[in-house]
Every structure is written in C-alpha cells, then in structure tokens.
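Peer 1: Here are the chains, one letter per residue:
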Amino acid sequence: DTGVSQDPRHKITKRGQNVTFRCDPISEHNRLYWYRQTLGQGPEFLTYFQNEAQLEKSRLLSDRFSAERPKGSFSTLEIQRTEQGDSAMYLCASTLGPSTDTQYFGPGTRLTVL
Amino acid sequence: QKEVEQDPGPLSVPEGAIVSLNCTYSNSAFQYFMWYRQYSRKGPELLMYTYSSGNKEDGRFTAQVDKSSKYISLFIRDSQPSDSATYLCVRYGETSGSRLTFGEGTQLTVNP
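Listed in order, the protein sequences are those of chains A and B.
Sequential numbering of the first sequence, starting at 1, is according to the working numbering.
Sequential numbering of the second sequence, starting at 1001, is according to the working numbering.
Next comes chain B alone, as it looks inside the complex (with noise of 0.2 Å):
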C-alpha cells in the first residue's frame, strides 16, 4: 500500500470556486503532512504544511488532517486562474531522512 494516495484528477472549475482536494495515508503514525504546487515545467514548491490533526489556515488556503479517518485535504476559497498547477500531498518523514513521500499529485485547471 503507498504511503500517501491522492486523486490524479484532472478537476476544472470556474473561477471563484472552492476547491477541495483530497488524500489518504496509510500509517497513522505519520504526523506531519505538507501540501507542494507544481507549476508546468517546474519543480514543486511548498504551499503548506499541518501537523497532526487539525486545520492550518494561510490566506485563501486551508490545509485539514483528520487523523481518525487518516485523511488530508486542501481547500482553496476564491480560486484564481493563477491556482492552475499540479498540487501534490506529502508526507514528511521526520524519523526517515526528512524524505519527503509524494501522492501522485491532482492537476487543477481554473478557468476565468
């Protein structure tokens, strides 16, 4: 079973929308989860990162762990054109390296 998995998608909105994206872990063990934005042609950069349970709020994203269900999710408010890329669910592997372990990654197109 992979550690993270993730919706390929692709999922298209209209400008505006709330975006919800969405991951599941294996091991309830993990503890620490990030969310990375790729951008066609680039490499990934990070947008967030939670911490166990709970939600963590950045602007117009907020990152939520349930770790009962052992599911991650990013929800985008107002999304804009310029959120079109590839978002990425992570584990961090605090006791592994600090590996980061990628879901396969859910491309997402706004449309204006």
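For reference, chain A alone in the conformation it holds in the complex (with noise of 0.2 Å):
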C-alpha cells in the first residue's frame, strides 16, 4: 500500500453515462497526477496539479474530460457521455514536489463502458 488511495476500484458503465473518479494522494503530497492505462500497454499522461492548480492537460484529455482538485487535497476525474474508448485504467499518482522523482502510484480504477 503506497499510501495514495483511489475509489471505486471498478466501474461498469453504460456509453452515454458520467463517471466520476477520486483520488486521495499522500497527505504532504504536492503535486498530483493522472494516468490512463489501456490492455497492455504503459500508462499514458493525462494531466497534472500543483497543489489546487492544473498545470497541464495532455491532448488525450478530451473535452468530455475534466479534472478537480479542489483545496488541493484530493482530486476528482470526471468523463462525460462515456464511449467505449474510454474502458481502461485510470491511475492516480502523487509526489511531494518538482524536485522529487518519486511518484507514488494509487491502485486505479478500472473502467468498463458497455
């Protein structure tokens, strides 16, 4: 257990439907991430936060997707009008700053768009 926590750790859900994620990181934890992992393959950048600011969105964030971290604690991932597509693994990372190379995983949330 890394100490970063992540609900639900599955999710089955119809296309069309809103699914929305959390992501509890390490309490000192500055900095938080989101990854995307599909079947066999590494995880992809989807976007990260410095404390409660969003500080960079990869293209593979599309508009049906949106992130929060509010107060910077935890942080929620939210997908609108879900597409099949969408089926992976959404991963959550923290690490206590930039100078630190050490992220620390969540055990992720998969994803099942039916």
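Among these hints, one or two may not hold up.
[As the list claims (entries may be wrong)] Straight line, CA to CA, 30 Å or less: simulated BS3-like cross-link-like pairs of lysine-lysine:
1. A:57 to A:71
2. B:1067 to B:1002
3. B:1056 to B:1042
4. A:11 to A:57
5. A:11 to B:1042
6. B:1002 to B:1056
7. B:1042 to B:1002
8. B:1002 to A:71
9. B:1056 to B:1067
10. A:14 to A:57
11. A:71 to B:1070
12. B:1070 to B:1056
13. A:11 to A:71
14. B:1070 to B:1002
15. A:14 to B:1070
16. B:1042 to A:14
17. B:1002 to A:57
The hints are simulated quantities; they were obtained by calculation from the structure and are not laboratory data.
Values in this document were obtained by computation on a predicted structure and should not be read as measured data.
Fit chain to chain and form the complex, with the hints in mind.
Peer 2: What follows is the structure, given as structure tokens:
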C-alpha cells in the first residue's frame, strides 16, 4: 500500500453515462498526476496538479474529461458521455514536489464502458 | 516516434535465471530514466532510477543506460517467482512537469 487511494476500484457503465473517480494522495504531497492505462500498454499521462492548480493537460484529455483538485487535497476525474474507447485503468499518482522524482501510484480505477 | 519503446514480451524464465529487459529512447537529450514494476491489478511502483549514462545497482537489480546507443537495460540476477510482474521503462520529464513517459512494459514470468 503506497498511501494513495482511489475510489471506486471498478466501475461498469453504459455508453453515454457520466462517471467520476476520486483520488486521495499522500497527505503532504503537493503534486498529483492522472494517467490512463489500456490493456497491454504502459500508463499515459493525462494531467497534473500543483496544489489546486491544474498545470498541464495532455491532448489525450478530450473535452469530455475534466479534473479538479479543490483545496489541493483529493482530486476527481470526470468523464462525460462515456464511450467504449474510454475503457481503461485510470491511475492516480502523487509526489512531494517538482524536484522529487518518485511518483507513488494508487491501485487504479478500472472502467468498463458497455 | 515514441519517446520510449520496449519489447512487450512476454518473457518466461526459470527461477535463478538472469533476466535482461531492454528499452530504446528517441532523444539523446533525455537524461533521467526509471524502471517501474507493476504486479497484476496493482499500480506501478518505482524499482530504480538512473541518470544519463552508467550503471546503478540495487541488490539483485542493475539498471544501465547507454547514451551513445540510446539504450536502457534492467538486469535481474537470481530471479525469483516473486519477480513475476510487468516491468516498465520510463523517461522522467524533468523539464515537462516531472511527467513520466512509459514504455509498453515487458511481462515477466519466473517459473519455480
């Protein structure tokens, strides 16, 4: 257990529905990252936060995706109007600061879109 | 061209074997690399990190970067069944928000 938790661990939804995932990072960690991992592939960067500020978004993050980190603590990732191509493992990672290289990953949320 | 490319395997070896896992990277300016290990149904965990060229050793694990050929290797000595996992080579983006860029991962099985 790395200290990063994600909820839910599994989510099955129908195409067109909205889903929201939550990540709770290690408490003193300022940076929080979201990655997406499809079967047989390595994780791909989606977005990251420094405290409550979202500093960068990948072009993988379409308009249907939105992420927040209110008060610089937990973060949520919402996908609107889900598509079958959104089926993946969504991973959250946190790190103490920009000069600290170890990112601690949570167990992930596995999304299946039917 | 992908920043980091890795042979996905799968790789199956007997217990006690020496394992060699390899990656190539696209840009000679890249300096920081990592190896993450991911067990089934878990998030990745950092195994080792290396800077530029050279070797780094940690117990049974040795990470090697060859800057001239843009080649990254991870060697596992005396492999154990508990080493069975997916190994991900990673470029650490020190100038791009500290984001991690992962290879595809190599699935390793160590058979008792």
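Peer 1: Between residue 1002 of chain B and residue 1056 of chain B, is the straight-line Cα distance small enough, at 30 Å or below?
Peer 2: 25 Å, holds
Peer 1: Is the Cα-Cα distance between residue 1067 of chain B and residue 1002 of chain B 30 Å or less?
Peer 2: Roughly 17 Å between the alpha carbons, so the hint for residue 1067 of chain B and residue 1002 of chain B holds.
Peer 1: Taking only the CA atoms, is the gap from residue 11 of chain A to residue 57 of chain A under or equal to 30 Å?
Peer 2: Roughly 23 Å separates the two Cα atoms, so the pair holds.
Peer 1: Keeping to a limit of 30 Å between CA atoms, is the pair of residue 1002 of chain B and residue 57 of chain A held or broken?
Peer 2: 19 Å, holds
Peer 1: Below or equal to 30 Å on CA atoms is what counts here, so check residue 14 of chain A against residue 1070 of chain B.
Peer 2: 44 Å, violated
Peer 1: Is residue 71 of chain A within 30 Å of residue 1070 of chain B, Cα to Cα?
Peer 2: 41 Å, violated
Peer 1: Given the hint that residue 1042 of chain B pairs with residue 1002 of chain B, does the C-alpha gap stay at or below 30 Å?
Peer 2: 25 Å, holds
Peer 1: Residue 11 of chain A and residue 71 of chain A: Cα distance at most 30 Å?
Peer 2: 26 Å, holds
Peer 1: If you draw a straight line from the CA of residue 14 of chain A to the CA of residue 57 of chain A, is it 30 Å or shorter?
Peer 2: Roughly 26 Å between the alpha carbons, so the hint for residue 14 of chain A and residue 57 of chain A holds.
Peer 1: Holds or violated: are the alpha carbons of residue 1070 of chain B and residue 1056 of chain B at most 30 Å from each other?
Peer 2: Status holds; Cα separation ~16 Å.
Peer 1: With a cut-off of 30 Å on the C-alpha distance, tell me whether residue 11 of chain A and residue 1042 of chain B pass.
Peer 2: 16 Å, holds
Peer 1: Is the hinted pair residue 1042 of chain B and residue 14 of chain A satisfied, with a Cα-Cα distance of at most 30 Å?
Peer 2: Holds: residue 1042 of chain B and residue 14 of chain A sit about 25 Å apart, inside 30 Å.
Of the numbered hints given earlier, the model fails hints 8, 11 and 15; all others are met.
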